[in-house]
Structure formats: structure tokens, C-alpha cells
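A.B. asks: The listed protein sequences correspond, in order, to chains A and B.
Using the UniProt record's numbering, read the first sequence as starting at 1 and increasing by one per residue.
Using the UniProt record's numbering, read the second sequence as starting at 1 and increasing by one per residue.
Think of the hints as simulated: they come from the structure by calculation, not from any bench.
Watch out, some of these pointers could steer you wrong.
Where chains are identical, the list cannot tell them apart; a pair therefore holds if satisfied intra-copy or between any two copies.
[What the hints assert, rightly or not] Calculated lysine to aspartate or glutamate pairs in the EDC-like style (CA-CA distance at most 20 Å, straight line):
{"no.": "1", "residue 1": "159", "residue 2": "91"}
{"no.": "2", "residue 1": "159", "residue 2": "126"}
{"no.": "3", "residue 1": "119", "residue 2": "78"}
{"no.": "4", "residue 1": "219", "residue 2": "244"}
{"no.": "5", "residue 1": "159", "residue 2": "184"}
{"no.": "6", "residue 1": "119", "residue 2": "90"}
{"no.": "7", "residue 1": "119", "residue 2": "86"}
{"no.": "8", "residue 1": "119", "residue 2": "209"}
{"no.": "9", "residue 1": "219", "residue 2": "133"}
{"no.": "10", "residue 1": "219", "residue 2": "9"}
{"no.": "11", "residue 1": "159", "residue 2": "38"}
{"no.": "12", "residue 1": "219", "residue 2": "10"}
Treat the numbers as computed from the prediction; the structure is a model and nothing was measured.
2 protein chains.
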Amino acid sequence: MKETAAERDEEDIAAERLTAVLAAVEARDAAALDVLLDPLHAADIADLLEQISPSERADLLALWHGGIDGDVLSEIDESIREQVIESLPDEVVAEAVRELDTDDVVDILEDLDEPAQEKILDALEDADRVAVEQALAYPEYSAGRLMQREVVVAPEHWKVGEAIDFLRGAEWLPDQFYHVILTDPRMKPVGYVTLGRILSAARETPLKEIVEDSFRTVKATDEEANVAYIFNQYHLISCPVVDENGRLVGVITIDDAMNVLDEEHEEDMLRLAGVGDESSISDGPVATARQRLPWLVVNLFTASLSALVIGQFEATIAQIVVLAALMPIVASTGGIAGTQSLAVAVRALATRDLTRSNAARVVRRELFAGILNGVGLAAILGLAGTLIFGDYHIGVVLGMAMIVNQIVAALGGVVVPLTLERFGLDPALASGTFVTTLTDVMGFFAFLGLATVILL
Amino acid sequence: MKETAAERDEEDIAAERLTAVLAAVEARDAAALDVLLDPLHAADIADLLEQISPSERADLLALWHGGIDGDVLSEIDESIREQVIESLPDEVVAEAVRELDTDDVVDILEDLDEPAQEKILDALEDADRVAVEQALAYPEYSAGRLMQREVVVAPEHWKVGEAIDFLRGAEWLPDQFYHVILTDPRMKPVGYVTLGRILSAARETPLKEIVEDSFRTVKATDEEANVAYIFNQYHLISCPVVDENGRLVGVITIDDAMNVLDEEHEEDMLRLAGVGDESSISDGPVATARQRLPWLVVNLFTASLSALVIGQFEATIAQIVVLAALMPIVASTGGIAGTQSLAVAVRALATRDLTRSNAARVVRRELFAGILNGVGLAAILGLAGTLIFGDYHIGVVLGMAMIVNQIVAALGGVVVPLTLERFGLDPALASGTFVTTLTDVMGFFAFLGLATVILL
Chain A
1 MKETAAERDE EDIAAERLTA VLAAVEARDA AALDVLLDPL HAADIADLLE
51 QISPSERADL LALWHGGIDG DVLSEIDESI REQVIESLPD EVVAEAVREL
101 DTDDVVDILE DLDEPAQEKI LDALEDADRV AVEQALAYPE YSAGRLMQRE
151 VVVAPEHWKV GEAIDFLRGA EWLPDQFYHV ILTDPRMKPV GYVTLGRILS
201 AARETPLKEI VEDSFRTVKA TDEEANVAYI FNQYHLISCP VVDENGRLVG
251 VITIDDAMNV LDEEHEEDML RLAGVGDESS ISDGPVATAR QRLPWLVVNL
301 FTASLSALVI GQFEATIAQI VVLAALMPIV ASTGGIAGTQ SLAVAVRALA
351 TRDLTRSNAA RVVRRELFAG ILNGVGLAAI LGLAGTLIFG DYHIGVVLGM
401 AMIVNQIVAA LGGVVVPLTL ERFGLDPALA SGTFVTTLTD VMGFFAFLGL
451 ATVILL
Chain B
1 MKETAAERDE EDIAAERLTA VLAAVEARDA AALDVLLDPL HAADIADLLE
51 QISPSERADL LALWHGGIDG DVLSEIDESI REQVIESLPD EVVAEAVREL
101 DTDDVVDILE DLDEPAQEKI LDALEDADRV AVEQALAYPE YSAGRLMQRE
151 VVVAPEHWKV GEAIDFLRGA EWLPDQFYHV ILTDPRMKPV GYVTLGRILS
201 AARETPLKEI VEDSFRTVKA TDEEANVAYI FNQYHLISCP VVDENGRLVG
251 VITIDDAMNV LDEEHEEDML RLAGVGDESS ISDGPVATAR QRLPWLVVNL
301 FTASLSALVI GQFEATIAQI VVLAALMPIV ASTGGIAGTQ SLAVAVRALA
351 TRDLTRSNAA RVVRRELFAG ILNGVGLAAI LGLAGTLIFG DYHIGVVLGM
401 AMIVNQIVAA LGGVVVPLTL ERFGLDPALA SGTFVTTLTD VMGFFAFLGL
451 ATVILL
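Construct all of the structure, not just a fragment, from the sequences and the given hints.
C.D. replies: Encoded structure:
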């Protein structure tokens, strides 16, 4: 994303505001904090809390805890939410969560430890607590956790006029709703009508005649990633959620689906790079180091494979020491090619553009692309090697090794994630480590092996 | 994203359908194709067209061109859209684009070559053509290209009853709209009201009293990435678009913003891996190879830097050949650490969680995390080296080089994207190549340099 001038201006304003906020905290000036923070959207207050250090955050909250409401708690990143909730007086937390919809309370609760969860559940009114506990009974990352239980329904045989009269007479309607869901007598959803169409149709029009083509339902036990995919694929605005008997239990709206889509992307990007997907820019150095260490240790072992391979050719290197200098070129260019192929494959798997139906064609495509680039790079590197060392044998070794490793890289980049997926694992999960290990090992083996055969 | 059983079932069904479709194409059985494809959503037909090879696609379109409507053209990936449009008879294209909203026509047009653009513009009715040409006058990737021009407005002084009467009496309303936008006499938007609230409020309530807090506008010249950010940050459903004088010119709805967000993610992921962001799973091998070659060639040169560094230590390697086998361990573990740090930083820049306000804190955080993991990995590797070679000097060299390179990696992963952004470039743009070059060069230099000093 390239920055625009407007965006830079916005960033200047935000940076100045942050400086002013920290100055007010330092001066223990609660009134100045009010002036600075009150006009902000909850999402911007949450961002500001995420951008400062833990000790600055603690000072700010001690001074300004009255300003933290349910919306801010809802917006705040889960990595610091626990710290924020623990630092707030119980009555502030209680008031904050009471004003939230139950789906937002669920979202806050699921990342907290038991004691913090209890603190919030105790603060809720009885009906809300039951609703929240029912939602928590659904599996983590399921549609049941994501949905709001407040739905607007109409019997399928109603006419537009009846729906309008019902809506205008309703004592309470959800804050955000875009459709009236039609249900049969057993509460199974059979279609939905947009509010715009209800407003513009004649009173005697049966609702059934103006339902949207886009109607579909999801099960409460469906994974949220699946739900986000359906919203994005079919351009849904809201989607009814049904239980195992097909009865309506809630509705998911597009803003929640957009949020899930965004988190799925984050997960893909971080996992591809071998970082725990719960990592955040607000984490301290120790948490950061701990999240990253596991794959670094794995890499320590996989990198030792390269060392073992090279060790087999010590006699060759001892005779022609320049090989040691040249060997990383082939390995590293293979690593880049593998990463390229991998990124395209992981993305295509996430958007379901790469499926078992076209996997064979894509693998073939990667093979040919690998051969083409391998030959191209071999020509450049081979020529350079020949000219620099005045010996075409070195050029031939470099070029041939490059072709082999480009093919391995292109194939590895697509076969590794496909294999992970076939075994029910996340295709992004540290595929980067696997693929670069593959290209390193093959790069060194091909280069030193060919050198041993051709140059000695 | 982990696959569920339900998702696998869906994939089985899709795979069987694809097989049946290809069989029908092979048998030139247009009736069978109709039975298979007619019930599908346009997005699923588009996916199917993307998953088959170019020659299968050409055969399918020749047999079934009547089935391609505006929605399918709209859904289809831009990488194959040109092929599809060119293979369709002019009258099919004309009919398809005439049924689309103007914003969808703009979306199709902007990726086409001049002759294909003309073909479509000629097919439009006069009013639509003017609207499309006006939209194309806005910069590429701007809000003006993304917006629909059909808006539902009400004067700011209206009451709910007037709005209801106006909506019920309107000859035409957009297919999808969620708000009535209030404007002042100069057509400047001053707020909006959801349809749900209009339906549930008393007729005499002034619209001004039930406007949404979330109201904000974007400029027609704002970048679409900025618009997507605003939708995601502030949970918008729709957002009015204004011209340079603040007058209402259109509205953007969340489904379009979600689409942009998705494309931005794709761009980040592919650019980070050094792949052109226009690459797609439908591309042929030649197009694929061409998209990837540029950064591979760049890497060929940057990898030569590593070779030059190693070349300086040929005398050391000649004396202790095992160093050649060990040196990739330090470089490769640094590459992984750099990629981890980079992925977190690029993601945080995209979500604006990493800004100049907290850049210094994040760089410090990375430094400490790098030191911690460097020490941890140095302990493991140093111990292993000492035990395997029975000489603690080798362990010390491995450990010290590891610490140095982990610090370089952690810092490089955050400083490289921050620097690219400071210069107004996309922070994801091939940062991967820069960072791994840095960790390779420093890894080899630190290891061989320390070995020369300590072991010789």
C-alpha cells in the first residue's frame, strides 16, 4: 500500500496527538486527556493504547479509566486487552460490558483467563449472561461464536404491509440489521428481504415475491473462516445462522465477516513467515522472542541438513576453494523462487482458486515456469561465471545447478502447501521454512555434486 | 486456514462438477452444460472458468457463450477476463454489460485494452456511457472509480414520515442501499440514517435526530486502500463520496470495500515474496515465469554480494574446510528471523498499528528480541558445535556469529520496510529480497570473520 499525501497528513495529526496524550499523562492532567481523547472513535482510542508502552498504558489507564467504555474494550487488540481489563476498577468493567451486544461480549471473553471471564460474566444481567454462555458453548472460531442472537424475522406468508406494520410497532429492533428473515412455522429460514425492497414495494406484495437471490444460511458449528469466505464470494451483507435442525438461531453481519477475513489474512501472512499468529506490535521483547523461537530452532536443525550435505563435498571444496564462495548464489536464488511459488499457492488455497481439480495443472505450470526461469538465470550466471573465471566449466556447473534448483523451488513452493492441506494442516504453517530448507539442500547438493563430477 | 470436513465435502462436489463440465465440453453437449452451470452463482461459474486451462476455457465459451452474463464477467479474475470477452460474440458482451451497474462496468473496463474498452463503451446506453466515462476520469484505484453513482438522499430538514413517503413513492431505488444520506441545500452530505431506524422511528421524528454516529465521508480522489481501511477501522456499511467542493457524488458500499481489502492483502503477500501482484493461479507458465524473473535477477546480483564476502575469506576456508559446511547455518537462521520480523512489520504498517509514533519503540523491541533469541540459539548451536568438533573455539565462533546475525535480522526486518515507507514506496515491495540479502551477507561475514580471528 503506497502512502498518499492525505494519509501522511493523517499520520502527522495522529503522531502529534500521541505526543500530546503522553505529555498529559506525564503531567497527570486528566482534564487535558479528556479534551484529547473524548472526540476520538473507540477504534482510534484502542489504536492509541496499542501504540504506547505497557508502563505508559498503565499510567494512562490509572488517570483516565472513566473514559474506557465497552466499545474501546471491544476494539482493543487481544494482546493487551487482559492488561487493560485488569487495570480497570470492577465497576468500570461492569458498566462497559453491560452496554455491549452479546456477540461483542463473547468476542472479549473468549481471549481472557478464567478469573477475568468470571469478573465480566458476573457483571452482566441474567438474560445476557445466559446468552453469552450459550454462545461460548459453540466451538471456538465457529459461526455460533460470531453471530448476534438478535434477529428480525417474519412468517413466510406475510405481505409487505404486515412487515412494515410489525417493524413500526416493534418495541425494540437491533442497532444494525439489513434484512427481514422469512421463516416457516418451524423457525427454519426460507429467504430474506432487504429493508430497501420492503420500503419500495406495494403493501399487498407478498414478501416471498421480493426475496433476494443471494440468500443462503450457515450452520452455527461452521468455521468462521468458511463464513468469511462465503460473505466475500457471494457478496453477502448478512447471513442467517441455523442449528443442527436447520432452525434459525442468529445472524452474522458483514462487518464481523470482514473482521474475520482480515484476521485470516494476518494468520496466513504470519504463519507463512513462521511467526505465531497471536503476535502483535504491542508485544514486549520477551513475548516477541518466545513467539519466534520455535521455528528458529526448527530451522537450526533443518539448516544442519545443508551443513551435512556440504560436508560430503569437503574434499571437492578443499581442492577448489572458490566453490564455497559460489555455492550460496544457487541456493539463495532457489530460496527466492520457492518463496514466490509458495506465496501464490498459499494465497490461491486461501481463496479456493487452487483446489484438487486444478492442482495437477498448477503443478505442471510451476514446473514449466521453473524450467523457463532456470534456463534464463543459468544463461546469465553461466556466462558471468565463464567470463569471470575464464573457464567455461565453472559456468556450466553454475548454470546446470541453477536449472535444477529453480525446478525444485517452483515445484516445492506448490507441493509443500498442497501436501500440508491434504493432511488437514494449515498450508501456510511454516511452509516457508520447509521450502527454503529444500532449496538450500538441493542448491548445495546440485552445485557441489556437479562440480565434483565436472571440475575434478 | 484449516479445512473442515464440511469444506472438504464442498470441495469434492466442486471437483465432481468440474469433471462433469469438462466431459460435457469434450462431448460438445450444450444441454448438459446448461444443466450443470445454470444453477450456479456467477462467482462459482467464474471460479470454474479460472480453474480450467486456456484451451478448455475457449472450448467451453464457444459452446456456452449464451450463459455468460454481466455478473459472471464482473466476478471473473482480470487475468482471464480479456480472453473471455474476446471470445464472446459482440452481442453477448453488449447484453451482459448493459445489465450491470455502472460501477461494475468501470471495474471491468479499467483492466481492458483500448479496443476491448471501445467494444463495451459502444454497447452501453448513452447515459450509462457518460457515467462510466466520468468514473474513468478519476485516478486508477481511487474512491471515484469504486463508488456507485446511484444514491438515496433526503434534505436534512425532513422528518421520518417524509422520508418514508419519498421512498415508497420513488420510481426507482438502487438494488442495494442501507442508508438515506442527508444533504444540505448545496448537496453536501451532513449525516445518514439507516433504513432500520427510519422504519422504527415515529413519522414526526426529524431525520437529523436519528443519524448514525459512524457517519464520515471520503473524497472521490482518495485511494481505495484508504477507503478500505476506513471501512474496516470504523465498521462502516456504506460511505458517501464527495468531490473537491464537498458535494455528494456517489456512495461506496461495504462489499466493494471488502473486495479492496482482500486485494490489498493479496498485494502485500505477493509483493513481500517478490511476485508481481497481478499474478494469478490462471496464468500460463510463460506469464508466470515473466512475473517472477525480475526479482530473481535482482537476487542473482544481491547473492553475488555474499559470494564476494565469502571470497575474501578463501584463505581461511582453505585451511579449515569445515567452515564452508557450517557457514550456511548462521546465514539461514538469520534469514528466517529476518522474515519473521519483516512479516510482523509489514502487517502492522498495513493496519497502521506501526506508525512513526511508535517506530522507535518497535525497533527497540526487535533489538531486544533479537538479542534474546540470538543468545538462546547461540547456546544450542555453540554447545552442539563444541561437542561435535571437540573444540570449544568452533562453538564460540558459531555462537557469536549467531548472536550478531539474529540482531541484524531482527533490526533489518523492521528497518527495511520502515525505510521503504518513508520514501513513499510500498513497504512490502521485495523487502524479502533485501532482508535475506542482508542476513546472508552479515551471516557469512560474521561467521568467517570471527573464524579468521579466533581459529587461525
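A.B. asks: Work down the list of hints and note, for each, if the structure agrees.
C.D. replies: Quick rundown of the hints versus the structure:
| no. | hint | verdict |
| --- | --- | --- |
| 1 | 159 <-> 91 | neither (47 Å within a copy, 39 Å between copies) |
| 2 | 159 <-> 126 | neither (36 Å within a copy, 38 Å between copies) |
| 3 | 119 <-> 78 | within (17 Å within a copy, 51 Å between copies) |
| 4 | 219 <-> 244 | within (7 Å within a copy, 46 Å between copies) |
| 5 | 159 <-> 184 | within (14 Å within a copy, 36 Å between copies) |
| 6 | 119 <-> 90 | within (8 Å within a copy, 66 Å between copies) |
| 7 | 119 <-> 86 | within (10 Å within a copy, 63 Å between copies) |
| 8 | 119 <-> 209 | neither (49 Å within a copy, 36 Å between copies) |
| 9 | 219 <-> 133 | within (18 Å within a copy, 44 Å between copies) |
| 10 | 219 <-> 9 | between (45 Å within a copy, 15 Å between copies) |
| 11 | 159 <-> 38 | neither (45 Å within a copy, 30 Å between copies) |
| 12 | 219 <-> 10 | between (41 Å within a copy, 14 Å between copies) |
The structure shown violates the earlier hints numbered 1, 2, 8, 11.
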